[in-house]
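Starting from the given sequences, assemble the full structure and let the hints guide the process.
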Amino acid sequence: MILETDGIKPIYVQISEWIENEILNGNLQKDEKVYSQYKLADMYNINPATAAKGLTRLANEGILYDKRGLGKFVASEAKAIITEKRKNQTVKQLLHDLVLEAKQLGMSEDEIHERLKEVWRVENGRD
Amino acid sequence: MDVIKCEDVTKTYRRRKALDQVSFSIGENKLVGLVGRNGAGKTTLMKVLAGMLRESSGRVEVFSRRPFNDLTVSANSIFIDDEMNFPPTMTLVELLQEGRRFYQNWDHELAMKLFEYFNLPSKARHQDLSKGMQSTFNMIIGLCARCPLTIFDEPTTGMDSVVRQDFYRALLKDYLAHPRTILVSTHYLNEMEEILEEVVLLDKGQLVLQMPIDELNEFTIRLSGKKDVLERWIQGKEVLLTKETGHDDQSVILKNSFSAEERQEMKRSGVHVSSVSASDACIYATSPKGGVDHVFDRSEDK
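Those sequence lines, one after another, are chains X and D. Mapping to numbering that gives the first Met the number 0: the first sequence position 60 is 59, numbers consecutive. Mapping to numbering that gives the first Met the number 0: the second sequence position 247 is 246, numbers consecutive.
Think of the hints as simulated: they come from the structure by calculation, not from any bench. Quantities reported herein were computed from a predicted structural model and do not represent experimental measurements. All C-beta atoms in this analysis are idealised placements derived from N, C-alpha and C, irrespective of residue type, glycine included. Treat the hints with care, as some may be off.
Covered stretches of chain D (in silico footprint by chain X; criterion: 3 or more residues with CB under 8 Å from a CB of chain X, positions within the stretch not fixed) [as the list claims (entries may be wrong)]:
id	region
1	55-67
2	73-82
3	168-177
4	206-220
Structure (structure tokens):
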């Protein structure tokens, strides 16, 4: 797994996360064909092998499936897998970083809880 | 299948070894960057591969043949650099028309379109062009020849940054449409790393590394923090560069051999962890110990 906060994310990770977002926001439906490595390479001005690596990553996680000779398609459980993965990795990592920073600043657990609630209210009010 | 295969290739000029036991191979249809500092042996290696120079020892194979003076290799490859000689009496457009006769896969329509896009003067002769425009013209020839092995030696010499970006884009687009083996040497790895699949790094005639570009991006890591805390993590590791960043503070670059857990643990102990770009990794892997700072360092306690 790649730690997001180590710096700039590898391009293939950015590609796979972009496709994940397309699935999460419904632009890519289940059983729909995903862009080919060549299309992705052209769109993002990257080497097709890098794009392929991003696609393979999603296939290995069960988010995409292969149809021989036709390309890669969105698996029916894709959304659930992505959501679960992001809770366990992205959100967890962000929380770790948050707590680390808070500790460095000498904040208490209660203070963090309060701040979190406040941000939660603001962000939900926005929608 | 490997298009290029080198085993212990050495090239000696008088007594100087320009290439020193270089072994590597490049698979078919890969777009590969060749990097290294001035005098690292990039041009010599490319000329050996193109069959323009004969290796002093070792084994070179291109399309499974020894390239030197080989007709098959010559017919299937093109070598582009900034010292290309063209007949001085011919205009640029006449040169492109000759390209059509010369190269089996030549795409003349693309050649003319690129020629117009880059605003090259059709009646001019090659020697009248500025350095950057010469490079642009050479690049068009290299792309449109569509040779199964295309070698560009510093193709962007003299080009302004807009033309360089156009070149990288044109190279990728044509490669996507017509996959072939392409080897490009460059001093601008940061500008073109995204379109490359692999990087070969030479230093002082020797192969330092060959790896996929995204692995190279994670190959080295930068740690900064308090000296005593850092010490725990860098003990016994090969540190490529150490920089004093304040009283008791240090920043070090080293090979990234840490697990995700270890990096998390580092952060907990107050170490700042950051990534090092592929091009910086190449610099650190080939620069003399201490860098140029060392030259200016007059303290006795080194």
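Just to make sure I understand the rule, a stretch counts as covered if three or more of its residues have a C-beta closer than 8 Å to a C-beta of the chain. Does the region 206-220 of chain D meet that for chain X?
holds (count 6)
Coverage claim, chain X over the region 55-67 of chain D, checked by counting residues with Cβ within 8 Å (three needed)
Not satisfied, violated; 0 residues make the cut.
Taking beta carbons only, do three or more residues of the region 168-177 of chain D come closer than 8 Å to chain X?
Since 4 is at least three, the answer is holds.
8 Å C-beta test of the region 73-82 of chain D against chain X, three or more residues
It is violated: at least three residues are needed, and the region 73-82 of chain D offers just 0 whose Cβ sits closer than 8 Å to chain X.
Hint check: violations occur at hints 1, 2; the rest are consistent with the structure.
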